[in-house]
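In order, the protein sequence lines correspond to chains A and B. Sequential numbering from 1 applies to the first sequence in this note's numbering. Sequential numbering from 1 applies to the second sequence in this note's numbering.
In case anyone wonders, no lab produced these hints; they're calculated from the structure. Take these hints with a grain of salt, some might be off.
Claimed, not checked - Below, simulated SDA-like cross-link-like pairs (lysine to any residue); rule was C-alpha separation at most 25 Å, straight line: (1) K10(A) with K189(B); (2) K181(B) with A123(B); (3) K10(A) with E73(B); (4) K169(B) with A3(A); (5) K181(B) with Q14(A); (6) K10(A) with R71(B); (7) K10(A) with K181(B); (8) K139(B) with E186(B); (9) K139(B) with D5(A).
In case you want the letters, here they are:
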Amino acid sequence: MNAQDQDRLKQLLQQALPPIEAEPERDLWPSMLRRLDARPASAPWFDWALGAGLVGLAAFFPASIPVLLYYL
Amino acid sequence: MAESIQNELVQKESQTVLLSFRQGDLEAFETLFRLHQRAVYGWILRIVRNPSTAEELTVESFFRIHQAHARFEPQRGFAGWARRIATHTALDWLRRSRNQREHTEELSSDPAAPAAADAIITAEIRRKTAQAFNRLPPKLRIAAVLAVVEEQPHKEVAEALGISVGAVKLRVFRALRLLRKDLEHEGIKP
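Same shape as in the complex, but just chain A:
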């Protein structure tokens, strides 16, 4: 692809997607505050402990996997 091809493609692209310039129509700070309040709640420590316990059980006693799967 030579320089002429590149220029032609650039021109084509600029015509297909004209430059855009605008400002937000509203103050975004209220949305920002809502987003900050909606932070995903972190999982309680005992959920992690329970998960780790199950993984440990499956690792040390593989025979327990079908039982665990049955109760899922």
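Chain A is fixed; fit chain B onto it per the hints.
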């Protein structure tokens, strides 16, 4: 004399705001948000080309900025750092929305298209070019839209993407080459 004292005071004040933000102060964050929201919104809009998506991603970018406050280095300035985070937020959105027909349609029916362009290029070619552009890998698309469509200096694009100027040029070249192939496949000889 009075002006230089005034400038010094403003600088000191902004330095205080940056340091407070780094420590997680919400008021300092609000000050920075209000100072930079327009610039961040404008930058994102150039990439995603949809006002409501740009608003949503501006909020998401500032949320990421807030989350990363402890990693902020005040001596490197806020604007460039914010722009970099905004660019990556927009890139993530492009990745997620890839292959989504709605976005293709938004691009192809851009109301801002100048009427004078019709004299040079038909609406059909414009539509197919926009669609082909939308099919490019997001990494190439973002480099091309900023460097070619929005004509931003390569240095600024490089800083925003966290890559070298050479890498920006390479991405633009690859984007144009892929675009040409795609258009040729569509029966358009650029």
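Each hint, compared with the structure:
| no. | hint | in the structure |
| --- | --- | --- |
| 1 | K10(A) with K189(B) | holds, 14 Å |
| 2 | K181(B) with A123(B) | holds, 20 Å |
| 3 | K10(A) with E73(B) | violated, 37 Å |
| 4 | K169(B) with A3(A) | holds, 13 Å |
| 5 | K181(B) with Q14(A) | holds, 18 Å |
| 6 | K10(A) with R71(B) | violated, 38 Å |
| 7 | K10(A) with K181(B) | holds, 14 Å |
| 8 | K139(B) with E186(B) | holds, 23 Å |
| 9 | K139(B) with D5(A) | holds, 22 Å |
Hints 3, 6 from the earlier list are contradicted by this structure; the remaining hints agree with it.
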